[in-house]
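Participant: Go by the hints and put chain B onto chain A.
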Amino acid sequence: MLDVDIGLTLGTFRLDASFGMDGPGVMALFGPSGSGKTTTAHAIAGLVRPERGHVTIGGERLFDKSAGIDIAARRRRIGYVFQDARLFPHLSVRRNLLFGWQRAGRPLSGNQIDDVIGLLGLQHLLDRRPGKLSGGEKQRVAIGRALLAAPRLLLLDEPLTALDAPRRDEILRYLERLRDELRLPMVYITHSLDEVARLADNIAVFHQGRVVAHGSIYDILARSDLFPLTGRGEAGAVIPARVVVHRPSEGVTLLDFGGGMITAPLMAAEIGSRVRVRVRARDILLSRVEIADDISANNVLPVVITGLREDADGVEVSLDCGGSALVARVTPHSRERLGLAPGQRVFAIFKTVTIDRREGPAG
Amino acid sequence: MSLLSPAEIEALLLSLKISSVAVACSLPFAIAAAYLLARARFPGKTLVDVFLHLPLILPPVVMGYLLLVTFGTRGPIGAWLLDTFGVRLIFSWQGAALAAGIVTFPFQMRAIRLSLEAIDNGLMVAAETLGAGPLDRFFTLILPLALPGIIAGAITAFAASLGEFGAIITFVSNIPGETRTIPLAIYTAIQTPGGEAAAARLVMLAIILALGGLFLSELAARRLKTVLEG
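As they're listed, the protein sequences go chains A and B.
If you number the first sequence the way the numbering used here does, the last residue is 363 and the count never jumps.
If you number the second sequence the way the numbering used here does, the last residue is 230 and the count never jumps.
For reference, chain A alone in the conformation it holds in the complex:
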């Protein structure tokens, strides 16, 4: 679907980025400011010209240095949503929305346009000027404007950074709907692990102008060697699970995943629907004995230690839990006390999990 391998130098900054993704879905470009994410997005959109490499989307070469292919930005049909929305101030919301649509040869019918406007909740804003919109509304219009040009890929460059927390959640919910209802491939630039875990299927981790790892978020976020880059405090594995039963009287929902059952806070999701569960490394305790009946934590799962990695701040223990990867963070003292070693069977105990994503009915 998406295949990027580019290199370029901007002043003293050197970018070498290589990553890809099969099929539709959301690819997160994750990393700190100045790590090359936006430059990579610009190269994909044709706004900067790499010195080497190629950019392929859906089998079509948009850029290929060796073959001399470089399609102009305005012909690439890549929707670009900027951090600062960049709506045209002298045009109404309606004319902003139709700007790209008109220039793309009017690819959507009136009904389809109404669908996008409805999906983003823009009906009541159409006759307003951008200057009168809130930050969240502006960003929704910018997303709609990009979508109406029927792009082959939607690039979102930190679209939530300029927004406050409630607006972020609002936009995230709209983006989840886009992902699930339009099945449009997206590249999502962010430095927030929350956003990655909620939206993305794949992740490319940027560090100092290079992609140090890329792949499924289940694999990448469970790699403890990447924790220094994926954010210590928030780092943790993400696992896919399925809703089994709700127990409202106890305030919990039981989820099934490869490694057993997880007890989560009661949620509003259909039985059988798939959810994405994140367990932060610092929230997991390890125990040599199963003490499920004697502690308040609801989740006690048998796991096998697959690796240990020590750094200045502690020890990250990689765990296999019936095929799903988990990561726990313990002190060097705990490791010695428990004699933790690869291959050892222990129990992972965690009190809470974060539900990041509701993926709809099981497919």
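Hints may contain errors.
What the hints assert, rightly or not - With the C-beta cut set under 7 Å, the calculated list includes, among others, these residues of chain B facing chain A:
#, residue
1, G122
2, T129
3, L130
Said to hold, decoys possible - Cβ pair distances, simulated, as ranges:
#, chain 1, residue 1, chain 2, residue 2, range
4, A, D114, B, L143, 29 to 37 Å
5, B, L135, A, A165, 36 to 44 Å
6, B, T226, A, R177, 30 to 38 Å
7, A, T9, B, T46, 23 to 31 Å
8, B, A210, A, A165, 51 to 59 Å
9, B, T226, A, E270, 49 to 57 Å
10, B, L143, A, T9, 35 to 43 Å
11, B, L216, A, D114, 41 to 49 Å
12, A, K65, B, I77, 45 to 53 Å
13, B, L135, A, K65, 24 to 32 Å
14, B, D120, A, D311, 37 to 45 Å
As the list claims (entries may be wrong) - If you want the footprint, here are the derived chain B segments under chain A, 3+ residues with CB under 8 Å:
#, segment
15, 131 to 138
16, 141 to 155
What the hints contain is simulated information worked out from the structure, not anything from laboratory work.
All of these numbers come straight from a predicted model, not from anything done at the bench.
All residues carry an ideal CB built from backbone N, CA and C; glycine is no exception.
Facilitator: Then chain B, alone, in the frame of chain A:
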């Protein structure tokens, strides 16, 4: 109109005609020059910038002299115009318009350039990703967004044209009904014994025109600001 004599009305109408033509003809060049200086990068840009500001810093009489040398019937461009098209700018109202247009050119260019420089280049990048080419972006984004500056520049230049004296009298002389605009008529009236009353009336007229122009310019700028910023 009993307030003004036929000759004074003639001077008023001539002033309005010459200023209108001067602004209308120099506006496209002012926009082009402002666009180049605001958004393009090329070698010798500073020199071009200084050259285009010459009419603002040179004495108008000097501008009139330079026009005479260039566009006079024996000047390089003037002779060519006469031979090729039979057009004679010297001693004609068209020549007066040329002089007024050139002398007030920097006023327009500066106002337009300021408003062009204020346009966020991010909007252009966004338009590019939405399929808009350079010409498209110029007409759908740059021109409308620069409109307050264009209008302010045009009105300022129009008002300044009404008052142009030195370049006009040097280049096209002071011919009643052809090149005698309000300032030249005032000058003539002052030079004429018993012309004080006529001079005073014309001075009042000049003041009213100037204030009216300023008022219009402010009004247009404010109206546009509300339109552009919603």
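Participant: With reference to the structure, classify each hint as holding or not holding.
Facilitator: Here's how the hints hold up against the structure:
no., hint, verdict
1, G122, "holds, 5 Å"
2, T129, "holds, 4 Å"
3, L130, "holds, 3 Å"
4, A:D114 <-> B:L143: 29 to 37 Å, "holds, 31 Å"
5, B:L135 <-> A:A165: 36 to 44 Å, "holds, 43 Å"
6, B:T226 <-> A:R177: 30 to 38 Å, "holds, 35 Å"
7, A:T9 <-> B:T46: 23 to 31 Å, "holds, 29 Å"
8, B:A210 <-> A:A165: 51 to 59 Å, "holds, 55 Å"
9, B:T226 <-> A:E270: 49 to 57 Å, "holds, 50 Å"
10, B:L143 <-> A:T9: 35 to 43 Å, "holds, 36 Å"
11, B:L216 <-> A:D114: 41 to 49 Å, "holds, 43 Å"
12, A:K65 <-> B:I77: 45 to 53 Å, "holds, 50 Å"
13, B:L135 <-> A:K65: 24 to 32 Å, "holds, 28 Å"
14, B:D120 <-> A:D311: 37 to 45 Å, "holds, 44 Å"
15, 131 to 138, "holds (count 4)"
16, 141 to 155, "holds (count 3)"
In the structure shown, no violation is registered for any of the earlier numbered hints.
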